[in-house]
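Kindly generate the complete structure, drawing on both the sequences and the hints.
Take a look at the letters that make up each chain.
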Amino acid sequence: MTLSVLAAEAVSGGSSVVHDANWFLENAWLIPLLPAVSFLLILFFGKRMPKQGAEIGIAAVGLSLILAVLTGFAWLDHRDNFEVPGTEEHALVVEADGSAGSDELTLTAAAEEESDEHAETDEHADEGHEASHPYVAVQNSTQWLQSGGIEFNAGILVDGLSVMMLFMVSLVSLLVHIYSTDYVGGDRRYTHFFAFLSLFTASMLFFVVSDNILQMIVGWELVGVCSFVLIGHWWEEKPNSDAALKAFLTNRVGDIGLLVGMITLFFAAGGGLTFDTITINSEIVAGNVSHTALVVAAASLMAAVMSKSGQFILHTWLPDAMAGPTPVSALIHAATMVVAGIFMVARLYPVFFEGMQIGGSSINLLATVGAITLVFGGLLAFVQDDIKKVLAYSTVSQLGYMAMALGVGAWTAAVFHLFTHAFFKANLFLGSGSVAHAVHSFDMKKDMGGMRKFMPKTYVTFIIGSLALAGIFPLAGFWSKDEILVGTGGWGLFGGTGGNGAYTFHLTMGMIGAGLTAAYMTRAIYLTFHGEYRGGHHDEAHGEDADHDDAHAHGDPHESGPRILVPLYILSGFAILAGLLNLPSGFQLVPDSWQERFGHFIEPAGASYFPVIGHGGPSWSLAIVSSAIAVGGGLFAFYYYFVRVDRMSKQLGESLTGLPDGLTSRNSLARVGHKVLVEKYYLDHLYTGVIAGFTKGPLARAAYWVNQNVIDRAVDTAGTTSVRAGRVIYDRIDQGAIDGLIDGTGKASDASGQGLRHINSGKVQNYAAILFAGAALLAGAFIIILAL
Amino acid sequence: MLLNQFLVLAAILFCIGVYGVLVRKNAMLVLMSVELILNAVNINLVAFGALNDDVGGSVFALFTIAVAAAEVGIGLAIVLLMYRNRRSIDLSEADMLKG
Chain L
6 MTLSVLAAEA VSGGSSVVHD ANWFLENAWL IPLLPAVSFL LILFFGKRMP
56 KQGAEIGIAA VGLSLILAVL TGFAWLDHRD NFEVPGTEEH ALVVEADGSA
106 GSDELTLTAA AEEESDEHAE TDEHADEGHE ASHPYVAVQN STQWLQSGGI
156 EFNAGILVDG LSVMMLFMVS LVSLLVHIYS TDYVGGDRRY THFFAFLSLF
206 TASMLFFVVS DNILQMIVGW ELVGVCSFVL IGHWWEEKPN SDAALKAFLT
256 NRVGDIGLLV GMITLFFAAG GGLTFDTITI NSEIVAGNVS HTALVVAAAS
306 LMAAVMSKSG QFILHTWLPD AMAGPTPVSA LIHAATMVVA GIFMVARLYP
356 VFFEGMQIGG SSINLLATVG AITLVFGGLL AFVQDDIKKV LAYSTVSQLG
406 YMAMALGVGA WTAAVFHLFT HAFFKANLFL GSGSVAHAVH SFDMKKDMGG
456 MRKFMPKTYV TFIIGSLALA GIFPLAGFWS KDEILVGTGG WGLFGGTGGN
506 GAYTFHLTMG MIGAGLTAAY MTRAIYLTFH GEYRGGHHDE AHGEDADHDD
556 AHAHGDPHES GPRILVPLYI LSGFAILAGL LNLPSGFQLV PDSWQERFGH
606 FIEPAGASYF PVIGHGGPSW SLAIVSSAIA VGGGLFAFYY YFVRVDRMSK
656 QLGESLTGLP DGLTSRNSLA RVGHKVLVEK YYLDHLYTGV IAGFTKGPLA
706 RAAYWVNQNV IDRAVDTAGT TSVRAGRVIY DRIDQGAIDG LIDGTGKASD
756 ASGQGLRHIN SGKVQNYAAI LFAGAALLAG AFIIILAL
Chain Z
75 MLLNQFLVLA AILFCIGVYG VLVRKNAMLV LMSVELILNA VNINLVAFGA
125 LNDDVGGSVF ALFTIAVAAA EVGIGLAIVL LMYRNRRSID LSEADMLKG
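Keeping their order, the protein sequence lines are chains L and Z. For our numbering, count along the first sequence from 1 and bump the result up by 5. For our numbering, count along the second sequence from 1 and bump the result up by 74.
Careful: at least some of the hints might be erroneous.
Unchecked claim - Across the chosen pairs, the derived CB separations fall in these ranges: (1) Z:VAL129 to L:GLY758: 47 to 55 Å; (2) L:GLY724 to Z:LYS172: 48 to 56 Å; (3) L:GLY758 to Z:LEU154: 33 to 41 Å; (4) L:ILE743 to Z:SER166: 41 to 49 Å; (5) L:VAL230 to Z:ALA140: 44 to 52 Å.
Hint data in this document are derived by calculation from the structure and do not stem from the laboratory. Glycine included, each C-beta is placed from N, C-alpha and C at the ideal position.
Next up, the structure:
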C-alpha cells in the first residue's frame, strides 16, 4: 500500500547503495584476497620456510585484521557522515515517511497496546538519525562475464553486517592461528594445516563480503570443503575420516536446498534474472515478487541453514565434527563457518521476512526450528563425557537462539548474538583445547577433574567464557540473549516488549534454554576443573591416593604456554566487554548516546533493501526473570555436582566414575530419558539405520522384485514381440527391397572404381594436374552460374 | 585505376606457377612454383582491395604470406625427408602414393 509505493520509490532512486566511498570500504576485497594468496604461498613454499609456513598465514590474517579494523572505522564514519550526493532533500522525505508509515503497518493487534508508546519514541529517535544520514551500503563490483544478456558480476557489498563479520572472522582466525602454532606444533601435516586455515579464512571472508548470491554459493561451498579437510586432518584414524565425510554429506543435503532457493530467487526477483543481493532484496521489499516464489525460496534456504548452522534435525554432523583439531573446532565449528547459515538469512532477510510472514505472526518455520534446536541441543549437552561435545551441543543450542531470533524478527539481536557468541564460544573451545593439551584427552570423566589446581589461568578464562555463555550479567551473553528474548515480543508483563508479533512459545523455549545453558556449563566446569584429578592412567580408579600417586608418576599436567594463553585472555576480554556495544535502548542507567550503538551501525534500518521490522522494547522484568532462570539452572547443577556428588564421592572414597548412578538407576522415566539423550534422539539411527538401511535393505529388495517381475516381464514381452516383427521385416523388406538397393549401389561403386583406378597412378604431378583441372572446372561452372 | 594490368600480371604469374607445378621434376622448383601461384593470388587481393578502397584485401594478403611461410616449411621438410630416403628429389620417382 503506501509502504510499498514508498519503498518502490526508494528502489528506483537507488538511494541505499553507493559506489564511491571511503577507500577502505571500496577496497574491502583485499581482506579475503590476502589469506587466499597466503594459502597458495604456504602450499608451494611453506615447507621451506623457517616456521614451516605458519608465519605466512599469521602475517596474512594479521594484515586482514588490520584492514578489517580500518574498514570498520571507515564504516562508522560513513554511517554517520555520508551524504547521498544530490538527493538529500528527496531521500529525507522518503525515509522519514517510510519509517513513520511503517509504524502503523507492522504493529499487530496483540502487541499494539503495550508497545505503542515505546515504539513511538523509538521511531522518533530513529527518524532523527535517518533524516540526516540514511543507511547507505557500499557496493563495488565488476563484470566477470556476460552470457545471453545476463551479467555475472563479482563484487563486494560493504555494510554494517559485512563489516562486523569481517572484523569477527579475521580476529578469531588470527587468534586461532597463533594458538595453533603451539597446539598442533610438531604435527606431521603442520604446513598443510596452516594452508587450509588460510583457505578457510579467505573463503569465509569472501562469503561475507560477496554482493551477489552466486558468489555466496561459491563461498558457502568453499568453507564446506575446508571444513571437510580440517575435520579429517588426522584421517589415518577411521572415526575422523568418517566424521569428515558425515559433515560433508550432511551439508550436501542442505546445499541442494541452497541451490534451489538461490535459483528461485534468481528467476523470481523483480524482472528476474539477477544475482545481485541488493536488487533481489529491494525488489522483495518493494513487493514486486510473488509470495509463492518467496515461500519456496525461504523453505529451500531453510534446509541450507539447517545443515550448515546445525539446526535440529540436520545438526548431527556438528558434534561429530569435533574429531578435528581443537583450533579448527573453535574457528570453524563454533565461531565462523557454522554461523554462515545465520549470516545468509540475515543477508537475504527480506526473503525470510516476507516468505515466512514473520511480521505480525506468532509462529513460523524458522523461529520454531530455532526454538526446538536450542532446547534439544541444550539437553543433549548433559549426557556428553567429551568436553568438546558438550561445547558442540552448546553451539547447536546457541545457533538455535540465533535462528529463532531471526525467525521472530529480532534481526539485530540475532546478529549481535552471533557476534558475542563467536568470542565466548571460541574462548571455551580454545580453553578446552588447552586442558586437553595438558592431559592428552577430551574425556572429562576419565581423564580430567581438579584441573583448577594445575591450570589456574585456563580455569579463569573458562569460567569467564561459561558465565558469558550462560548469560550472567553483565557479560556479553547476557545482553545478546536478553535482546533475543525481548525480540520475541511474547512478554507482556509490566510494560512488555512488542516486537513483530507475539512469539510466546519461542520466548518460553528461550527461557528454558537459558536455564539449561547455565546448568550444563556448571556440570562441565565441575567435571573438568573440580573434584579429584582422575587422569594419568586409564584403569579404574582406586581411590584418591592411588590416583594421586599415579598422576605424579606420569607427571602432573601443567599450564599451557603463552601462545595458548594470550588468545584465551583476548577472547575473555571480548567475552566480558562485547555486550556493552549494544546496550538496549531505553536503558535508564546510561546516556542515550551509549544505547543501541551496534544496532545503529549494523542494522540497515530504513534502507531500501531491508524490510521494515518492529523492535521490541526492553523490559526490566524480562531481564530479571531470564537472569533468575539462568542463575537457577546454574545453582541447581551447582548443588547437584559441587555439593551432592562431591560429598558422595568423598563419603564413598570413590572417584566420580566409580559412583553409582543417581537418578537414572532409580527412576525408570529418567532412565528412558537419559537413554534417548545418550542415543542423540536416535537421529543417527534414523539416518544410517532406517533411511540408509531401508534404502539398502527392504527398498532395494522391493526394487529388485519390481525389476524382476514387472519391468523384466514388460521388457521380455516387448523383446519377443520385437523378435517376431523383426523376422517378418527381415524376410520381406530387408532381403527383398533394401538388400537389392544396397547390392546395386555396391556394384555401381565397384564398376566406377575399376574405371577410375587408372588415374590413380601414384605420381604426384598427375594428382596436381587433376586438382587443377577440377578447380578449373569448378571455376568455369561458377562463372557460368554467375552469368546466368 | 589500372586494374586490368594487375589482373593480367596475376594471371600470367598464376599460369607460370601452374605450369611449373605440373611439369618440373625438381621438387624445389615445384615448391617455388607454388609460391608463384600464391603471390599471384596476393596481387589479386591487393589489387581488388585498392579498387574498393578496402584495407581488407591487404590484410588477407598478409595472412596468405604467413600461411605460405608455414606451407613452405612443411614442403621443405617433406623434400628433405624425401632426399634422405632416396638421395633424390626427382618427383617422377615419387610414385608410391597410390592405393
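Tested hints:
1. Checking the proposed 47 to 55 Å range against VAL129 (chain Z) and GLY758 (chain L) shows it holds: the Cβ atoms sit about 49 Å from each other.
2. GLY724 (chain L) and LYS172 (chain Z) have their C-beta atoms about 49 Å apart, which keeps the hinted 48 to 56 Å range intact.
3. Hint check: GLY758 (chain L) to LEU154 (chain Z), Cβ distance near 35 Å, so the stated range 33 to 41 Å holds.
4. Between ILE743 (chain L) and SER166 (chain Z) the Cβ separation comes to about 47 Å, which falls inside the hinted range of 41 to 49 Å.
5. About 47 Å separates the C-beta atoms of VAL230 (chain L) and ALA140 (chain Z), a value consistent with the hinted range of 44 to 52 Å.
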